[in-house]
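Peer 1: Which chain is which? The protein sequence lines are A and E, in order.
No gaps in the numbering here: position 125 of the first sequence is 129 in my numbering, and each next residue is one more.
No gaps in the numbering here: position 71 of the second sequence is 595 in my numbering, and each next residue is one more.
Honestly, the hints are just simulated from the structure, not real lab data.
Fair warning: there could be bad hints in the mix.
[What the hints assert, rightly or not] Computed footprint of chain E on chain A; a stretch qualifies when at least three of its residues, placed anywhere within it, have a C-beta under 8 Å from a C-beta of chain E:
| # | region |
| --- | --- |
| 1 | 29-38 |
| 2 | 59-66 |
| 3 | 113-120 |
| 4 | 178-189 |
[Claimed, not checked] Under the rule of at most 20 Å between Cα atoms (straight-line distance), these lysine to any residue pairs were calculated in the SDA-like manner:
| # | chain 1 | residue 1 | chain 2 | residue 2 |
| --- | --- | --- | --- | --- |
| 5 | E | K718 | A | P12 |
| 6 | E | K546 | A | H197 |
| 7 | E | K726 | A | E109 |
| 8 | E | K546 | A | G199 |
| 9 | E | K741 | A | V71 |
| 10 | E | K546 | A | V71 |
| 11 | E | K580 | A | E38 |
| 12 | E | K718 | A | G14 |
| 13 | E | K546 | A | G69 |
| 14 | E | K580 | A | P37 |
| 15 | E | K741 | E | H629 |
| 16 | E | K580 | A | P12 |
| 17 | A | K110 | E | K580 |
| 18 | E | K580 | A | L39 |
| 19 | E | K741 | E | E652 |
| 20 | E | K726 | A | P12 |
| 21 | A | K110 | E | H629 |
| 22 | E | K546 | A | A67 |
| 23 | E | K741 | A | G112 |
| 24 | A | K110 | E | Q633 |
| 25 | E | K718 | A | T10 |
| 26 | A | K110 | E | L550 |
| 27 | E | K741 | A | P12 |
| 28 | E | K726 | A | D186 |
| 29 | E | K546 | A | E68 |
| 30 | E | K718 | A | R11 |
| 31 | A | K110 | E | V630 |
| 32 | E | K726 | A | L39 |
| 33 | E | K546 | A | P23 |
| 34 | E | K718 | A | E13 |
| 35 | E | K546 | A | P73 |
| 36 | E | K580 | A | L45 |
| 37 | E | K580 | A | D35 |
| 38 | E | K741 | A | R11 |
It should be emphasised that the depicted structure is a prediction, and the values quoted were computed from it without experimental measurement.
Positions of the beta carbon are idealized from the N, C-alpha and C atoms, including for glycine.
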Amino acid sequence: MTETATRPEGITPSQTVGPFFAYALTPHAYDFPELVTGNLLAGPDAGEVSGERITITGRLFDAEGNVIPDAMIEIWQADGEGRFAGHDAALSNSAFRGFGRVECEKDGRFTFTTVKPGPLPGPDGGRQAPHVNIGLFARGLLNRLFTRFYFSDDAAAHGGDPVLALVPADQRATLIATRGSDGGKTVYNLDIHLGGGAETVFFEA
Amino acid sequence: MSRIYPIGSLAAHPPSLSPGYKSTVLRTPSRPLIRIPQTMSELSGPVFGHESVGEKDNDLTLQHAGEPLGERIIVSGRVMDEDGRPIPNTLIEVWQANAAGRYVHVVDQHPAPLDPNFSGAGRTVTDENGFYRFVTVKPGAYPWRNHHNAWRPAHIHLSLFGPSFLTRLITQMYFPGDPLFAFDPIFNSITDEKARVRLISKFDLATTEPEWALGYKFDIVLRGREQTPFEDPHHD
Ligand SMILES: [Fe+3]
């Protein structure tokens, strides 16, 4: 079956994920097998994944400070050496996919178990500070919201980051996850606000 | 600013703030999005190959002991980029209401019957030519509380990855001739009419199977990379 390649008139527009995605996309409470979870270190050879073991957690709020319990959050990141699964041959047999997905809990909380990514090359021979890309989907979001977070202990590298450089200085703190610990584990906290006084910075690329 | 995916194509998407769809009001950032360069983090993306899906995950009528109620349909099409190049080996996840307009979800309280033979979730991976195919039942319209007497036109939700973080798309596929189109603020959030009608599938006799199921075609177009001079020299 072949078709003549014709240039389509445009891309397929986005629509909201709606409130009822969980049984297909985050089906841990349903009878459909889960494809992706919030644990990026699942799998038998997870011990070999490069990078500091971390937990990332936070809560999601709307413009009036109400928690958002019905959102889906996805993350995409490199491993501890700045390598992306599927794009770096060294990771071809690794347990590390670099991709996680969770549904927020009733109190708006999201949690990922992963490794802290390494620095990455930036445009024009520069360097990007360690960061994780976030995609947000929810009822009321007609488009995916895209942001990134950085790590509070990398402050020295943030000055040279080409993306943070585009963010007004007084809004950069909305993208910095705060390092802490819980029972000996490293935990980074990042709350995300879709509006209000602490509104998170969102991107387009 | 170096850019591989053209930014102008994004105009097909709905504005994030679309007050007719009430939930957008408190969930849309007030500040404009900051446009950033497309770096490795945006130009790479998760890979889910054929090993990610079960053999029968693309047939939503086979997931239980019996056949679901409703009008059996075959939804198929091609995933391509905006230059018309097929996107092979990319994951598509779908979910939908049953024929009565009821979702399998704790929050769905619409007093329509659940179907013990229909869960409404499926996934597949496109073949080497970008083709995909699902077997399911036609979903029913369902009420929602956005405004008085609000009903969603029948739709199937689709989630796609494509080759990078920037090609990620979640959308909805509709059915031709639905009388609810004019009244649906989600469908109409897409202000460009040409883009909006791209979400309406087409009835297709060629993929309709005699004595068995109606065929609907739905092609999906993701953002496409501008060709780089190394691969294929061209001039715009
Ligand atoms: Fe729906």
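Peer 1: Evaluate each hint against the coordinates.
Peer 2: Here's how the hints hold up against the structure:
1. 29-38: Our answer is that it holds, as 7 residues pass the Cβ test (under 8 Å) against chain E, meeting three.
2. 59-66: violated (count 1)
3. 113-120: With 0 residues in contact (Cβ-Cβ under 8 Å with chain E), the coverage given for the region 113-120 of chain A is violated.
4. 178-189: Three-residue rule not met by the region 178-189 of chain A, so violated; n is 0.
5. K718/E / P12/A: It holds: about 12 Å lies between the C-alpha atoms, which stays within 20 Å.
6. K546/E / H197/A: holds, 18 Å
7. K726/E / E109/A: violated, 38 Å
8. K546/E / G199/A: holds, 15 Å
9. K741/E / V71/A: With Cα atoms ~39 Å apart, K741/E and V71/A exceed 20 Å; violated.
10. K546/E / V71/A: Within the cut-off at roughly 17 Å; holds.
11. K580/E / E38/A: With a Cα-Cα distance of about 15 Å, the restraint between K580/E and E38/A holds, given a limit of 20 Å.
12. K718/E / G14/A: Holds, at about 9 Å.
13. K546/E / G69/A: Given pair K546/E, G69/A holds - Cα atoms ~17 Å apart, limit 20 Å.
14. K580/E / P37/A: holds, 12 Å
15. K741/E / H629/E: violated, 27 Å
16. K580/E / P12/A: violated, 31 Å
17. K110/A / K580/E: The given pair, whose Cα atoms are some 33 Å apart, is violated under the 20 Å limit.
18. K580/E / L39/A: holds, 15 Å
19. K741/E / E652/E: Status holds; Cα separation ~18 Å.
20. K726/E / P12/A: holds, 16 Å
21. K110/A / H629/E: holds, 15 Å
22. K546/E / A67/A: holds, 13 Å
23. K741/E / G112/A: Cα-Cα ~38 Å, so violated.
24. K110/A / Q633/E: holds, 18 Å
25. K718/E / T10/A: With Cα atoms ~17 Å apart, K718/E and T10/A stay inside 20 Å; holds.
26. K110/A / L550/E: holds, 18 Å
27. K741/E / P12/A: holds, 15 Å
28. K726/E / D186/A: violated, 54 Å
29. K546/E / E68/A: holds, 14 Å
30. K718/E / R11/A: OK: K718/E and R11/A at ~15 Å, within 20 Å.
31. K110/A / V630/E: Satisfied, since the Cα-Cα distance of roughly 13 Å is no more than 20 Å.
32. K726/E / L39/A: violated, 30 Å
33. K546/E / P23/A: Holds. K546/E to P23/A sits at ~14 Å (cutoff 20 Å).
34. K718/E / E13/A: holds, 9 Å
35. K546/E / P73/A: With a Cα-Cα distance of about 17 Å, the restraint between K546/E and P73/A holds, given a limit of 20 Å.
36. K580/E / L45/A: Distance ~27 Å between K580/E and L45/A Cα, so the pair is violated.
37. K580/E / D35/A: holds, 15 Å
38. K741/E / R11/A: Between K741/E and R11/A the Cα gap is close to 18 Å, so the pair holds against 20 Å.
In terms of the numbered hints stated before, the structure departs from hints 2, 3, 4, 7, 9, 15, 16, 17, 23, 28, 32 and 36, listed from lowest to highest.
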